[in-house]
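Protein chains: 2
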Amino acid sequence: MSVSRTAKIISGKIIADQIRSELIVEIEALRRKNVTPGLAVVLVGENPASQVYVRNKRKTCAELGLHSFDVDLPADVTERRLLASIDKLNRDPKVHGILVQMPLPKHLHEQKVLNAILPEKDVDGFHPVNAGKLLIGEPGFAPCTAAGCQELLLRSGYDPAGKHVVIVGRSNIVGKPLAALLMQKAAGANATVTVCHSRTRHLAALTRQADILVAAIGIPEFITGRMIKDKAVVIDVGINRIDDPTRASGTRLVGDVHFAQALKKARAITPVPGGVGLMTVIMLMRNTVSAAKQQTSR
Amino acid sequence: MSVSRTAKIISGKIIADQIRSELIVEIEALRRKNVTPGLAVVLVGENPASQVYVRNKRKTCAELGLHSFDVDLPADVTERRLLASIDKLNRDPKVHGILVQMPLPKHLHEQKVLNAILPEKDVDGFHPVNAGKLLIGEPGFAPCTAAGCQELLLRSGYDPAGKHVVIVGRSNIVGKPLAALLMQKAAGANATVTVCHSRTRHLAALTRQADILVAAIGIPEFITGRMIKDKAVVIDVGINRIDDPTRASGTRLVGDVHFAQALKKARAITPVPGGVGLMTVIMLMRNTVSAAKQQTSR
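Protein sequence lines correspond, in order, to chains S and H. Position 298, counted from 1, in the first sequence is what numbering that gives the first Met the number 0 calls 297; the numbers after and before it change by one each time, with no gaps. Position 286, counted from 1, in the second sequence is what numbering that gives the first Met the number 0 calls 285; the numbers after and before it change by one each time, with no gaps.
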């Protein structure tokens, strides 16, 4: 008789709510000092996915009592005008954090735009100064999704210290910053880190060694059960919409991990939706509150 | 009858000389435009090891026809005065590169001093902006020893693309920047990278998987033969002085790899001395020449 094991579900909802409760206390403390953390969310054009993300960020600001500065620019905005908007936000003392929603229309140079944000207001953690501080191990802003993965691990009791973390995917948004974050000689880190990607040979042989496996490659259900070590902790960063004729919508969301197969192998796993995806916005709020504290405590 | 294999020796001398020859051509081309690359080497105090390193850097400048700006400050220099010196060098158009020899006396904050160097003159690659560009994959200055390891691999015909590189050590000078360098989606990189360190469990099981093994942990002969995969390429970054009563000096230099044991397992290996150690200074010269080109081509 086979015993069917089922992994523990790591709820992004529960953990994001914990952080939200902690932030409410911090925001209240700032308010008593007449400080309201302010976040500028810059949206260029009308990419439907970007509109959803931006609306969600602005809504969460409102719920937490943060000032949301909405900057909506047309898809054909010149780089000069976009940079001028950022410069204005850089100089506005009420704006503690600035986020430019990616991707930008093709005629705009994304890294140049990110570089224009003051590092101390770069709550998305994409400015080279913040990426560098992350790698060096100096305090700064870590990209929100990567920081969210670390929080999910720590708050579920899976400290990466001494563990072998295998990250599949090397984006600037998740894979590389998460690797930098977890390899540091620091509390909540101290992991042995392997970064795999599209060019990795014998991928399954590597993923099967992971005590903690992070899937951030953007391919639906790419990580199958046989790629997961028995009792590994699996963090699924992917959010992919695939066809599903059994649903009324005709589609459903899946991660980069084959969830049903992973359930039978892993010790714990983040679901999609309801896992990492819920962490990104709350980490953005946390970075904004930190920025407000730093900028007003001088 | 056992066949005793012997690894190919990767000569830092030969490869550094190749790069030196290439640089001489570039420096000559710059001279025809009335540009002489200038490097300021700042030495604080009288640490004997630092004095040796600084002398070597200044001597190499002279040999290549670079301007060497010598700034020697007393061990008790104030941070303010040191920062004022750096500021002066930042503003001097004849100085294209600035290097502050580490370590600094305890009363000086090293990262604060490094942060004061203009990123475009930071030829040591230790400013957060350059560390961040390295992680993001943007052009910038990579730390010289890490860049030297990559050059040794590429110029010996061991392209890391698709290979599993295991790096033992996570310093800001070698381990972390080399990991960032080799995991990029870029020519000369594209490796699968694992970073191990003092907190790694089952270290030998990981090092034995390395197609390319980099030892940068600072412990004499730490990597033994049994930790090396058959036919791996071994890059030994360590330079350790140990007792040796058979030598007239009573000591000798060894790397972080047990060389005699590695010779029998590896496909190729860098010796100590004569390997990575010879690359650092020439990569510094290359960064300085690049800096001069960038600063004078505007």
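Calculated from the structure, these hints are not laboratory results. You may find that some hints are simply not true.
Said to hold, decoys possible - To spell it out: a stretch of chain S is covered by chain H in this simulated footprint if at least three of its residues, at any positions, have a beta carbon under 8 Å from a beta carbon of chain H; those stretches are:
no.	region
1	185-192
2	267-275
3	284-296
Unchecked claim - Mimicking BS3-like on lysine-lysine, the simulated pairs with C-alpha atoms at most 27 Å apart in a straight line are:
no.	chain 1	residue 1	chain 2	residue 2
4	S	Lys184	H	Lys12
5	S	Lys105	S	Lys292
6	H	Lys32	S	Lys111
7	H	Lys184	S	Lys105
8	S	Lys228	H	Lys228
9	S	Lys184	H	Lys111
10	S	Lys93	S	Lys292
11	S	Lys7	S	Lys292
12	S	Lys184	H	Lys105
13	H	Lys263	S	Lys111
14	S	Lys12	S	Lys263
15	H	Lys230	S	Lys111
16	H	Lys230	H	Lys292
17	H	Lys93	H	Lys111
18	H	Lys263	H	Lys228
19	H	Lys7	H	Lys58
20	H	Lys12	H	Lys58
21	H	Lys263	H	Lys58
22	H	Lys111	S	Lys292
23	H	Lys292	H	Lys87
24	S	Lys87	S	Lys58
25	S	Lys111	S	Lys93
26	S	Lys228	S	Lys263
27	H	Lys228	H	Lys32
28	H	Lys87	H	Lys111
29	H	Lys105	H	Lys87
30	S	Lys12	S	Lys292
Even for Gly, the Cβ is constructed at its ideal location relative to N, Cα and C.
Status of the hints after comparison with the structure:
| no. | hint | result |
| --- | --- | --- |
| 1 | 185-192 | holds (count 3) |
| 2 | 267-275 | violated (count 0) |
| 3 | 284-296 | violated (count 0) |
| 4 | Lys184(S) with Lys12(H) | violated (34 Å) |
| 5 | Lys105(S) with Lys292(S) | violated (35 Å) |
| 6 | Lys32(H) with Lys111(S) | violated (30 Å) |
| 7 | Lys184(H) with Lys105(S) | holds (21 Å) |
| 8 | Lys228(S) with Lys228(H) | holds (23 Å) |
| 9 | Lys184(S) with Lys111(H) | holds (20 Å) |
| 10 | Lys93(S) with Lys292(S) | holds (12 Å) |
| 11 | Lys7(S) with Lys292(S) | violated (36 Å) |
| 12 | Lys184(S) with Lys105(H) | holds (21 Å) |
| 13 | Lys263(H) with Lys111(S) | violated (50 Å) |
| 14 | Lys12(S) with Lys263(S) | holds (22 Å) |
| 15 | Lys230(H) with Lys111(S) | violated (44 Å) |
| 16 | Lys230(H) with Lys292(H) | violated (40 Å) |
| 17 | Lys93(H) with Lys111(H) | holds (24 Å) |
| 18 | Lys263(H) with Lys228(H) | holds (11 Å) |
| 19 | Lys7(H) with Lys58(H) | violated (30 Å) |
| 20 | Lys12(H) with Lys58(H) | holds (16 Å) |
| 21 | Lys263(H) with Lys58(H) | violated (37 Å) |
| 22 | Lys111(H) with Lys292(S) | holds (21 Å) |
| 23 | Lys292(H) with Lys87(H) | holds (21 Å) |
| 24 | Lys87(S) with Lys58(S) | holds (23 Å) |
| 25 | Lys111(S) with Lys93(S) | holds (24 Å) |
| 26 | Lys228(S) with Lys263(S) | holds (11 Å) |
| 27 | Lys228(H) with Lys32(H) | violated (50 Å) |
| 28 | Lys87(H) with Lys111(H) | holds (16 Å) |
| 29 | Lys105(H) with Lys87(H) | holds (23 Å) |
| 30 | Lys12(S) with Lys292(S) | holds (26 Å) |
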